[in-house]
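Engineer: Below are the chains, spelled out letter by letter.
There are 2 protein chains.
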Amino acid sequence: MTSIPEVRVIGVRGIPLVKSDDDLGQLICAAAEKQGTPIIDRDIIVVTQKIVSKAEGRLVRLKDVTPSPFSRQAAQNLHKSPQLVEVILGEAKSIVRMVGGHLITETRDGWICANSGVDQSNVSGGDMVTLLPVDSDRSARRIRERILTLTGRQVAVIITDTFGRPFRVGHVDVCLGVSGISPLLDLRGQQDLFGYVLRVKRAAIGDELASAAELVMGNSREQIPVAIIRGYSYAIDEAAKATDVIMPMERNLFL
Amino acid sequence: MTSIPEVRVIGVRGIPLVKSDDDLGQLICAAAEKQGTPIIDRDIIVVTQKIVSKAEGRLVRLKDVTPSPFSRQAAQNLHKSPQLVEVILGEAKSIVRMVGGHLITETRDGWICANSGVDQSNVSGGDMVTLLPVDSDRSARRIRERILTLTGRQVAVIITDTFGRPFRVGHVDVCLGVSGISPLLDLRGQQDLFGYVLRVKRAAIGDELASAAELVMGNSREQIPVAIIRGYSYAIDEAAKATDVIMPMERNLFL
Numbered sequence: 001m002t003s004i005p006e007v008r009v010i011g012v013r014g015i016p017l018v019k020s021d022d023d024l025g026q027l028i029c030a031a032a033e034k035q036g037t038p039i040i041d042r043d044i045i046v047v048t049q050k051i052v053s054k055a056e057g058r059l060v061r062l063k064d065v066t067p068s069p070f071s072r073q074a075a076q077n078l079h080k081s082p083q084l085v086e087v088i089l090g091e092a093k094s095i096v097r098m099v100g101g102h103l104i105t106e107t108r109d110g111w112i113c114a115n116s117g118v119d120q121s122n123v124s125g126g127d128m129v130t131l132l133p134v135d136s137d138r139s140a141r142r143i144r145e146r147i148l149t150l151t152g153r154q155v156a157v158i159i160t161d162t163f164g165r166p167f168r169v170g171h172v173d174v175c176l177g178v179s180g181i182s183p184l185l186d187l188r189g190q191q192d193l194f195g196y197v198l199r200v201k202r203a204a205i206g207d208e209l210a211s212a213a214e215l216v217m218g219n220s221r222e223q224i225p226v227a228i229i230r231g232y233s234y235a236i237d238e239a240a241k242a243t244d245v246i247m248p249m250e251r252n253l254f255l
Numbered sequence: 001m002t003s004i005p006e007v008r009v010i011g012v013r014g015i016p017l018v019k020s021d022d023d024l025g026q027l028i029c030a031a032a033e034k035q036g037t038p039i040i041d042r043d044i045i046v047v048t049q050k051i052v053s054k055a056e057g058r059l060v061r062l063k064d065v066t067p068s069p070f071s072r073q074a075a076q077n078l079h080k081s082p083q084l085v086e087v088i089l090g091e092a093k094s095i096v097r098m099v100g101g102h103l104i105t106e107t108r109d110g111w112i113c114a115n116s117g118v119d120q121s122n123v124s125g126g127d128m129v130t131l132l133p134v135d136s137d138r139s140a141r142r143i144r145e146r147i148l149t150l151t152g153r154q155v156a157v158i159i160t161d162t163f164g165r166p167f168r169v170g171h172v173d174v175c176l177g178v179s180g181i182s183p184l185l186d187l188r189g190q191q192d193l194f195g196y197v198l199r200v201k202r203a204a205i206g207d208e209l210a211s212a213a214e215l216v217m218g219n220s221r222e223q224i225p226v227a228i229i230r231g232y233s234y235a236i237d238e239a240a241k242a243t244d245v246i247m248p249m250e251r252n253l254f255l
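Chains as they are written, first to last, in the numbering used here: chain A, 1 to 255; chain B, 1 to 255.
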């Protein structure tokens with residue numbers, strides 16, 4: 001008898017508002033324990049970028065920002081504040097689109113997304129914004145190591161953010177950082193049901209796990225910034241990098 | 001005491017190889033029942049396009065296809081067979097990119113994807129390919145109504161396919177057809193933790209549910225073409241259309 005394939009996505013409630021220098025690994029372990037779903041080996045812990053950025057002090061107060069002449073100019077067309085545009089451009093390696101209120105950039109890491117990932121929601125104090133973590137794989141690794149130290153449990157960690165997509169309306173959560181799990185599952189060379197050899201398929205499981213986690217995370221008032229994905233079978237990959245998901249420029253059909 | 005938010009993604013094993021005119025609703029109910037996870041009210045039944053296309057007879061034998069002069073010409077650059085290119089173009093409303101072996105088209109429904117969704121994998125007989133369903137929302141509705149008739153259970157149904165993404169390596173499953181659930185969850189106007197009003201966010205939950213389901217679906221040899229998503233709270237929407245996810249051309253920044 002074969003077992004039933006099942007993946008559980010468990011939201012972790014009760015994580016307090018995160019401040020700079022908070023110990024995220026500890027907060028996650030404590031909250032999971034407290035709600036009766038302690039972390040176990042092989043869990044995948046999915047953490048939203050927002051609380052990682054807060055814990056790492058990646059916050060900017062807009063009124064402390066001096067916009068450049070270019071940011072002032074661009075801000076008019078974009079209907080954003082010049083200070084916000086300055087922060088967004090400061091996080092960007094290049095501008096991909098700047099049209100009709102949209103500012104799509106390439107971040108220093110190479111992610112292509114709106115506003116370099118700079119975000120005004122769920123930050124206290126009105127004019128504070130969060131920046132993406134400096135190195136989201138490193139952020140993931142720190143949380144993973146902390147969980148191992150505190151609980152002895154071997155898990156994988158994924159840091160996520162909410163991105164729009166070309167051609168499709170709406171946002172989905174995608175992976176921005178990983179530790180212990182590759183964001184891509186390479187199926188090339190495998191045979192299908194009838195012996196046809198798959199030539200192209202790599203499943204972007206990092207993004208799929210991120211999207212699955214979003215289903216239990218709160219979106220506005222009821223913030224659930226962490227999810228546990230349990231039952232998904234994966235190979236432990238110590239060298240995994242989320243940036244493997246970034247399409248190399250020479251293969252980019254849409255720029 | 002608040003409950004723990006949890007979503008279960010359950011793969012449905014034991015669905016036989018699907019043939020034209022098979023009763024998918026019946027096959028799904030029987031297989032779910034047999035493995036001990038019978039369908040219950042509010043389940044979301046996720047079904048891969050491949051078996052829907054087979055049940056609806058959306059199959060073409062390549063050797064029966066006569067390619068046009070343009071298909072012959074294009075096939076050379078694309079390193080695909082002229083017959084395959086002919087089938088792909090026959091399903092397309094426009095060509096979005098045709099470069100370096102890639103043929104990205106806009107399907108008649110408006111989906112932008114590789115090869116108009118025409119697929120050679122998991123089809124018997126070597127030169128058979130599947131086309132996307134003619135109307136995936138209708139396909140979803142039929143399965144949903146059949147499940148209601150057979151079990152009395154009120155569910156939602158999502159038809160999925162595997163798409164690549166601009167800017168990101170790898171494929172994810174996305175929704176192509178829905179019945180009973182909107183593919184978009186509109187969060188605009190809601191307030192965040194600190195009273196900031198979200199201005200832009202619509203969560204593409206149809207795509208996120210599709211990606212979650214992919215985590216338990218087989219990718220090649222062990223085919224699991226159906227998943228049950230249980231515990232996700234949604235509003236029943238009888239007017240939902242998957243094509244609401246298609247970005248209107250005038251808002252398309254990347255064409």
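Any given hint could be a false lead.
Unchecked claim - Taking CB as the label site, the calculated pair distances span:
id	chain 1	residue 1	chain 2	residue 2	range
1	B	Q26	A	D22	46 to 54 Å
2	A	G152	B	R61	52 to 60 Å
3	B	R61	A	G189	20 to 28 Å
Just so you know, these hints were derived from the structure itself, not from any lab.
C-beta: ideal position from N, C-alpha, C; glycine also.
Engineer: 52 to 60 Å was suggested as the range; check whether the CB atoms of G152 of chain A and R61 of chain B agree with it.
Structural biologist: holds (57 Å)
Engineer: 20 to 28 Å was suggested as the range; check whether the CB atoms of R61 of chain B and G189 of chain A agree with it.
Structural biologist: holds (26 Å)
Engineer: Given a hint of 46 to 54 Å, does the C-beta separation of Q26 of chain B and D22 of chain A actually sit inside it?
Structural biologist: Given a distance of about 53 Å, which is inside 46 to 54 Å, the answer is holds.
Of the numbered hints given earlier, the model fails none.
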